Amino acid sequence: MGSISGMLRALASGSKHLAIRRFTLRYPEQKLKFVGDGYQFDPKEGVGIAGYRGRHILYHDKCTGCQLCSIACEGIAEAITMVKIDKQYKQNKKGIMPQIDYGKCVFCGLCVDACPFYALFMTDDYELAAYTKEHLIYTPDQLAVKPKYVGTYEIKIDELGAYHDE
Amino acid sequence: MATVSEFRFSEFVKSILWLLFWVTLVVSLIVLPIIFIVLFYVPEPIIDGQRINPYLLLTMLTNPQIGAPLIKATMETTFFKVVVLPGFTFAALFATVLIYAERKILAKMQLRVGPYHAGREAFWWANSLGGFLQLIADLLKLLGKEIIVPKGADKPIFLAAPVVLIIASAGLVALIPIAPNWVVADIDVGLLAVFALLGFFPLTALLASYASNSKYPFIGGLRALYQLISYEIPLILSVLGVVILAGTLSLTGIVEAQNPYWFIVLLPIGAVIFFITALAELERIPFDLPEAESEIVAGWLTEYSGMTYGLIQLANYIKMYVLSALFVTLFLGGWSGPQIASSLEIFNVTLITAEEANGMTWFVIKTLGIAILMIIIRGINPRIKIDLLLKTAWGKLIAVAFINVFIAVALLYLGVVTVGA
Amino acid sequence: MQQEDKALKDRVREIPGLQMEGEDRGILTLSVGPQHPGSGHFRLIIKVDGDIIAEALPDPGYVHRGEEKMCEYRNYIQNIPHLERPMIADSCGILYPYVLAVEELLGIQVPERAKYIRVIMAEINRCIFELYWLAIYGIFLGHSTMFMWPMADRELLIDLAEMASGARVTHAYFVPGGVRNDIPDIFVEKATKHVKYFRSRLKEYESIFYANPLFQARTVNVGVLRREDAINLGATGPVLRASGVEHDIRKAEPYDVYDEMDFKVITMKEGDSYARAYVPWLEMYESVEIILQALEKIPNGPVRIKLGPNPKGGVAEVFKRVEAARGELAYYIVSDGNPKPYRVKLSVPSFRELPVMAHLLKGAKLADMPSIYWSMNYWPVEADR
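Residue numbers (this note's numbering), protein chains in the order written: chain F, 1 to 166; chain L, 167 to 587; chain Z, 588 to 972.
Just to be clear, a hint being listed does not mean it is correct.
Unchecked claim - Listed below are the simulated DMTMM-like cross-link pairs for lysine to aspartate or glutamate, each with C-alpha atoms no more than 25 Å apart in a straight line: (1) F:156 <-> Z:876; (2) F:31 <-> Z:742; (3) F:104 <-> Z:876.
Treat the hints as calculated values from the structure; they're not laboratory data. This structure is a prediction, so every number in the text was calculated from the model and none was measured.
Starting from the given sequences, assemble the full structure and let the hints guide the process.
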């Protein structure tokens, strides 16, 4: 008897779910919205600002080529190497800037925590797929471009269940 | 980097023209002469005093006075019944709808979408019915795959097993009545024939697994054998009560005998046992042991690839249609129901009478309902273990089926039900 | 061909326990190997006598990559994304004792707000892991709905974790000195909403999974672990609590602000697979309670103590342990005054469950193997480190 009532209970629960909303996010047409503007770090306070840890953005007018990001990454993923750049900046005497290899980067953000000049932050962009491994190495000029990511869907909850909607 | 051959439009046009050339050559030199030779020897039928040849046939079809009775005459031939209406095409369409319904209903119960992209931009109404062309996409994919026969496998049996499964399923389809005059094979012992054909499946599963020459299919085949044979006995016993009350073994007779009350009202226990054993015969979850397990990779159909796998799945879904239809016929009154459909007439000739159309509609609704119940039960249950499987079949189900038979006999002798005509 | 067969036989003979000849006739040696749909990356050598398992020899080490040695080449901050990888599904849980140990080594005190945030994230991670574990339990038993529902509900919690830390699974959120960034303003409101909805979803699992007679037939009275055996063999976590031993490090040695939270320690008496599956479900309710309490009580203030780029402690040894989702996780760090640790020893609950697994599998039926194996909370990557 107990097994019959257990089976009926499971049947009732399964049938109830035919009326609950589907949860799936249909990816290319619907993209997730993130809170904040990307992970940033305030070296004066020593604390980070919440945001999504995606691709980096490098501000050319603040980077001094101090290599602290590269040194921080050496123990983790060895994804940042310093390369010489053509344009001369006043604050960048050595003329070098970081180049990030996204084939190796683990997106932990400790390089952002290491930068003392507000020059390296992270953005919302995670769509970084490429056809070859060489295309995954982002030069300093590529890192300076602000990404165009528009995401508007987030989780909403109502009586009919949880779902993704704008 | 992989090299991809480039697309040249001239090559594409050249391949199309080459195809057209060969088709024209083959048709004009081989196919048409064969047709004319056959027609030379086969006597042409005489209708209204005129000898029909193909051109006259097509001309006559344009005249509604003659064309419509011609169509009605074709619909009464056995050929039409076997191929189209209660027969294979109907069953295959039903199986297709069932596959789509299973994937979508299971997805909805699991809070996800299921097939979504195939067919969305095809028609304007397809946007909310996402993925309805997914089956065609899967079919094309399976057709394009190589059929691999394992080394040391018994090739004739290995390749014949899916075909035998389709033949057995198609044979079962021939026995199901969907409307008062629409059965392919209206035989007096229809129910016995059903059980005889159901006996093909365990044998084929064992032969297919043995012919695969690999240890996982072997284990799966043995388990399929245990399961299918053990559950045939409660299946037959649960139907005994229905036979006692109806007084006949023919399926049409059983439907007509459910006149005031359907048999599910009189014999609910038998209906439940039949449903459970039907799930076991179909190898569906919760009785999924032979097919998919985390210990054996895919059971007795591991080594089947390409279209052989497609044929086995088609046979499985047609068997699902047949067993649901059998449940409807035996317990839910077959085609009876209040009149909601009207007849199908063209040019003042009734192709399908109102009563028959009504029967077909109710039959389809009820069978779909039972199949959807099978799908929901798939969604809520885990897999059963082998010792519980065998203990249930040989112990509990046979005992309860006997109780069901006693109830049927008691109903008969107490005069609650008189044996149907 | 002959030489290849002979070489294969020699290699097979080297694997301890996996002998093919010279054994009792009638005992078949199965290798539920590292590549199998029924186990993780973990080889389990089972000797089967008919249908009963005569002996089970776990053979871990397939995914060993020298985590503890690699820690010696990185300083304390660079170790953080490195050390969360063995148990990435519960990443805050495996980092928690590390940051507590390093804080004791460096002699720093963490601000209050950081403690509350750490407790919230640790409980969210506990639920994330338990849901994943339940999903895989469903799939092992063939229950595909029980795979999909926890994965969908896990998404609610991963969304919260992403709001706080910036990444969905690889959080790298705890640092010695607090947490890396403050939670956004919208977090408290969204967390309350998500977590309350999650609690209502937990009730659904009972009717479709725990009360399902087919699931009960597979797990009730299967793999019964008695109380004395559990204590003697060194079981930990939900496995220990399902055998009737009331031991939870969050209550026995409270760390951060667990002593201010009001929650129960869940135990069950039976000790079979059903109890080991039921206890984590009840613990998720307690986690939800802890999260809601912490969200109410959270004070304002700083969240991180500013350290130099290469923090180092004196010559000392520290030992800290924490109740992760699978049991007791402990770190033992030896420092010799350099910014890089001298020795980091990571003691994980999965590895300590292996004797219990071998003891329970002996004498069980072969068909019970998936349900016993997965109820041990074994995670191969963590056990091999």
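Verification of the supplied hints:
Of the pairs offered as hints, the one joining residue 156 of chain F and residue 876 of chain Z holds, with about 22 Å between alpha carbons and a cut-off of 25 Å not exceeded. Restraint check: the Cα-Cα separation between residue 31 of chain F and residue 742 of chain Z comes to about 15 Å, which is no more than 25 Å; the hinted pair holds. Among the hinted pairs, residue 104 of chain F with residue 876 of chain Z is inconsistent with the structure: their alpha-carbon atoms are about 39 Å apart, more than 25 Å.
Hint compliance for this structure: hint 3 alone is broken.
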